[in-house]
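**Q** Chain order of the listed sequences is F and U.
Under this note's numbering, think of the first position of the first sequence as 13, with each following residue one higher.
Under this note's numbering, think of the first position of the second sequence as 13, with each following residue one higher.
Do not rely on the hints blindly, as some may be mistaken.
Treat identical chains as interchangeable: a pair holds within one or across any two.
As the list claims (entries may be wrong) - Result set (DSS-like, lysine-lysine): computed pairs, CA atoms no more than 30 Å apart in a straight line: (1) Lys397 x Lys471; (2) Lys418 x Lys471; (3) Lys397 x Lys418.
Simulated from the structure, these hints should not be mistaken for laboratory data.
2 protein chains.
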Amino acid sequence: MALHAVILAGGSGTRFWPLSRELAPKQLLTVFGDRSLMAATVERARQVTGDTGDIRVVVGGVLFDELRNHLLAAGDGDIAYLVEPAPRNTAPALALAAADVLRADADGIVIMLPSDHICQDGERWQRTIAAAVAGASDGSLVTIGLVPRSPDTAFGYIHAAHAASDGFAEEAAGRDSHAVSPARAMTAIPVTSFTEKPDAETAERYVAAGDYYWNSGMLVARADAILRELERAAERHPDVPAAAGNLATVACARAIAAGAADTDAAWDALPPVSFDHAALELSDRVKVVPADLDWSDVGSLTSLERLAAPDARGVRIIGQGVDVDSRDTLNYSSERLVATLGLDDVLVVDTADATLVAARDRAQDVRLVVDELRRRGAPELTQNKTSLRPWGSWTMLTRGIGYQVKEIEVAPAARLSLQSHTRRSEHWIVIAGTATVTRDTEHFDVAAGESTFLPIGCKHSLENRGDIPLRIVEVAIGDYLGEDDITRYDDPYGRSVDTDTPTPY
Amino acid sequence: MALHAVILAGGSGTRFWPLSRELAPKQLLTVFGDRSLMAATVERARQVTGDTGDIRVVVGGVLFDELRNHLLAAGDGDIAYLVEPAPRNTAPALALAAADVLRADADGIVIMLPSDHICQDGERWQRTIAAAVAGASDGSLVTIGLVPRSPDTAFGYIHAAHAASDGFAEEAAGRDSHAVSPARAMTAIPVTSFTEKPDAETAERYVAAGDYYWNSGMLVARADAILRELERAAERHPDVPAAAGNLATVACARAIAAGAADTDAAWDALPPVSFDHAALELSDRVKVVPADLDWSDVGSLTSLERLAAPDARGVRIIGQGVDVDSRDTLNYSSERLVATLGLDDVLVVDTADATLVAARDRAQDVRLVVDELRRRGAPELTQNKTSLRPWGSWTMLTRGIGYQVKEIEVAPAARLSLQSHTRRSEHWIVIAGTATVTRDTEHFDVAAGESTFLPIGCKHSLENRGDIPLRIVEVAIGDYLGEDDITRYDDPYGRSVDTDTPTPY
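Using the sequences and the hints, build the whole thing.
**A** Structure follows, in structure tokens:
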């Protein structure tokens, strides 16, 4: 009974712009600590899957290359990627993962984790998952319910058949100590019902009752149970629209997992629906493990406020900021200088190429800005100024008619793929380290302070054989500079060398 | 009786940050139209000084190179610069200019113009100055009084002995037509008193009275009268502190104009005082020419609001901005993307390297931000990302340990000085146009797409002999990249080739 982590990497990150972009949703950002939410989720998954387990990441086609580059750069290579032909919410995504697990392990248990939250309780987290795994062995769908800390109306609530055991309640009462007795076992409790985002009064009542828990979005279940409960929901509730597509979803997921050809159209036809609506809320085999984790949702830009303590006027400065006389204001800048003066209840979020200034109580409406940027085709919606690659990173310094200038950093022992361009030549000037360059049949080193020229059409590759990061400035010149003008002849990182939408480098 | 324009280029521009910087005060910005306020002031001066007149600019030492580069780039070469050893407000500055004029022209008339306002009435402006020149011929100090458009408490008010003539009042009433009869002569009227920044009630009374005018800061007077009235004020008002330094001021100004050595200490010892306080308010020989000019002070960042009409909610977007649901808000960006969401009464002013977000009613307090930046030694206080030069401009793209990358544009037929560096080498990659390069004894062309290398110590120069702008990317590499590592061997623009504080290029 091996454990298979499934991490859902969907989410367009529109509520986190300008920090997040379409190709850098919030789970890839390293805003909350040294690691991204995604890398931290992978690490948490490793803590519980053990030697026989494995990790799958379900990701959309648009984000796949970026995500893999990101995890490779974070040192996470042994991950299986399940690429969704199109985003269809969590029911199809989880079905796909369950079908894939099932083919490899008939008794496999799926630990499904979203990638857009912060969770820092290592030991307690592991005990929680262990309790959920135990609860899932009978074929139940086991949710993780967080002990509510406030009557927050942004959460879904899970109503358990009874409150957690006395032992657990005591533990929860001392939640800040983190000194947890392993003797107090957590257990999975049957679930009575789910409520999505209640009104304030209802939420107050739930919290007072003691047997309601926040829905964390995490789920533990046997892979076969996930598919079976989708099918059962459709059979038992033929009148519920959310379950109407379940049979098709399961069939499509099984077909894709079996390697069937031409499944894209079937996938595209699936209704986008959450696993909560399609199965959890309709099943009579759902449990919850109440848990008091140091967990938080990263729902909107106000989450940034956790990064700095407020001053006496409620002003938080993160980065290069300066404030004079503001109140209850966030001044966040990733690299530039931002000055705030006399503001009340304002969020300022500044990145290298875009800035958002919003009323603090409108943080949830950043998607309206994103909608407008999408209408305009604004490039600032798609990509950050710096992009991670498995070999390092690159930053666009400037771009004009006929040329663009990038700064490229190559990690020690890393190499870019052998490639050529049909419309642009490139100058490489080495800033630090030594570049080992291949140019058609030539192989030579370029030391710091030196440069080399790569004419249009030449096959070239860049390698760092040294032990410090190699940094170069690349000046590309040509009448067309699109990233799709690239032919790859190999790739050290196993990325496709023949695709319609190649990733730069 | 030649006319000598004197333009005061002082002012640290602290109320206009981040658009203005210490080396780019607001009078050098091209924010309000195609030309900077300074270049527009020079143009206005040329309209009235005629064939026999000339133009002097009084400027502080710190700003001198930048200002001259700026005016050279704007095509204004035939200007005399009077460099103040240290800023001492307008009384010493004007005395210095008057003494300099006096040495060249004993009967010279000074037309003193500040450089930090917008004035667009060509023909009416010329008639106003002509009336002031006529009024100054008897030795009077002639101010230009603006017909007040509102009881603005930010202005100083000039009380005339009587209101303007009926003919003028009629003209003022039709101020929007600009169809002015030359027959209606403006005349200079004796001044009764000055009031600085009255309270609101007083300002209302002044505007209702009809014989009060806004003090424009412009002044027309014989050069000898300027010095004489400074001296007379000191003699007639020995108890007024503002006039206590006048004799020393005049003596120092005459000494500097006469080319005396070692005048810096004497200048440093002068009290910083405005000409208004030191002379105008104390003199019995002051007149005012009432004028109804299309004139406006550029006092604070709210002046930017004139650049765009507001939408129905009072939102003005200038540049790349996007707004959702804000009210009475300015979204100004010079090149980056700025999104505003749900704001009320906020000013956002975004530049390439710094952003200010301020409550709209705190625009006057930007100096508090500047004070804080000065305490921190923030480079964003000193210089913009792009600097104009007589030969074109340069933009810092990025700067790191051991290297920096600039984009340089050289105008057709322009050339950078022959120079060398002791601590850095440079790579030039030509993006557009053709570079004619001198490197020690070599002379060669570098075409677009090509590059060249300038080792440490080589004497080099860059020239554009073509008829389109030459654009290059310069990657400088070295252990010290300060702009003071430059030795100039010539300079096509007559700039000093041997100075302690050289200007880059």
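**Q** Each of the hints needs a verdict: does it hold here or not?
**A** Hints and how they fare:
{"no.": "1", "hint": "Lys397 x Lys471", "result": "within (26 Å within a copy, 36 Å between copies)"}
{"no.": "2", "hint": "Lys418 x Lys471", "result": "both (19 Å within a copy, 28 Å between copies)"}
{"no.": "3", "hint": "Lys397 x Lys418", "result": "both (10 Å within a copy, 18 Å between copies)"}
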